[in-house]
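Trainee: Sequence:
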Amino acid sequence: MQDKKKSWISVRDVVAIGIGTAVFFVLMRFVAIPTPVANTTINLAEPWLALIGAIFGPIVGLFVGFIGHALNDTVAGWGVWWTWVFADGVLGLLLGLAKRYLKLDTETLTSKKLWFFNIWQVIANVIAWFVIAPLGDIVVYRQPAAKVFLQGFWAGIGNMVGIAIVGSILLVAYSRTRTRTGSLKSEK
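Numbering (my numbering), first residue to last: 8 to 195.
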């Protein structure tokens, strides 16, 4: 009998990456709200990324954010802005780390867990958009610091608000669809 090695990624995760990336791309491309800052939009892709990360974990979150943003930039026609693609991947990874605490598939989503998630998503957005994206733009693309930190600030704040509102609604809605252990009773 042959020993089967456990893969670092499951078929379920690969399917989640494919579907999650497609939805992320559509939301980023077609549901974007312009900001006063050039080349910066607020979109519903980030709340979707929060949901995907919370359900499937950091690896799926990383790939959905990275591939989805890269596809959006490719189709947009101005070229792929790799520092922001990387930042979205990191955001997905960080949001996915909340899966272990939230336990959406097995436990109820409590107010305490929702507060934790929103505090964590603010921290994750600060890391991705206030640090990684602007510093990457300065180092890789030699962009002016004032410009890229302003872009990162607007993107980060927009994502924080979007995830806090829409992401929280998505998490609550998803949580309500899950059957909990012991929730089914046999009839006598």
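One thing to keep in mind: the hints can contain errors.
Stated by the list, open to error - Just the calculated beta-carbon pair ranges, DEER-fashion:
#	residue 1	residue 2	range
1	Val179	Ile26	18 to 24 angstroms
2	Thr48	Val129	25 to 31 angstroms
3	Ile164	Thr81	25 to 31 angstroms
4	Thr81	Val44	20 to 26 angstroms
5	Phe37	Thr117	32 to 38 angstroms
6	Ile164	Trp89	20 to 26 angstroms
7	Thr81	Lys119	23 to 29 angstroms
8	Pro151	Trp122	15 to 21 angstroms
9	Thr113	Val38	30 to 36 angstroms
10	Ile164	Ala29	37 to 43 angstroms
11	Ala180	Phe123	29 to 35 angstroms
Hints are computed from structural coordinates only; laboratory data are not their basis. What you are looking at is a predicted structure, and each value in this text was computed from that prediction instead of being measured. Quick reminder that beta carbons are idealized off the backbone N, C-alpha and C, glycines included.
Trainee: The structure should be examined with respect to each hint, and the outcome stated for every one.
Mentor: For each hint, the structure was consulted:
Taking 18 to 24 angstroms as the suggested C-beta distance range, the pair Val179 and Ile26 conforms, at roughly 21 angstroms. Between Thr48 and Val129 the Cβ separation comes to about 20 angstroms, which falls outside the hinted range of 25 to 31 angstroms. A beta carbon spacing of about 26 angstroms between Ile164 and Thr81 agrees with the range 25 to 31 angstroms that was offered as a hint. Between Thr81 and Val44 the CB atoms are about 22 angstroms apart, so this pair conforms to the stated range of 20 to 26 angstroms.
A C-beta distance of roughly 34 angstroms is found between Phe37 and Thr117, which places it inside the suggested range of 32 to 38 angstroms. Between Ile164 and Trp89 the CB atoms are about 23 angstroms apart, so this pair conforms to the stated range of 20 to 26 angstroms. At roughly 41 angstroms, the beta carbons of Thr81 and Lys119 sit outside the given window of 23 to 29 angstroms. Roughly 37 angstroms separates the CB atoms of Pro151 and Trp122, a value that falls outside the hinted 15 to 21 angstroms.
Checked against the hint of 30 to 36 angstroms, the C-beta distance between Thr113 and Val38 comes to roughly 31 angstroms, which is consistent with it. In this structure, Ile164 and Ala29 break the distance hint of 37 to 43 angstroms, their C-beta atoms being roughly 27 angstroms apart. For Ala180 and Phe123, the hinted distance range of 29 to 35 angstroms is not satisfied, since their beta carbons lie about 18 angstroms from each other.
Against the hints set out earlier in the document, violations occur for numbers 2, 7, 8, 10, 11.
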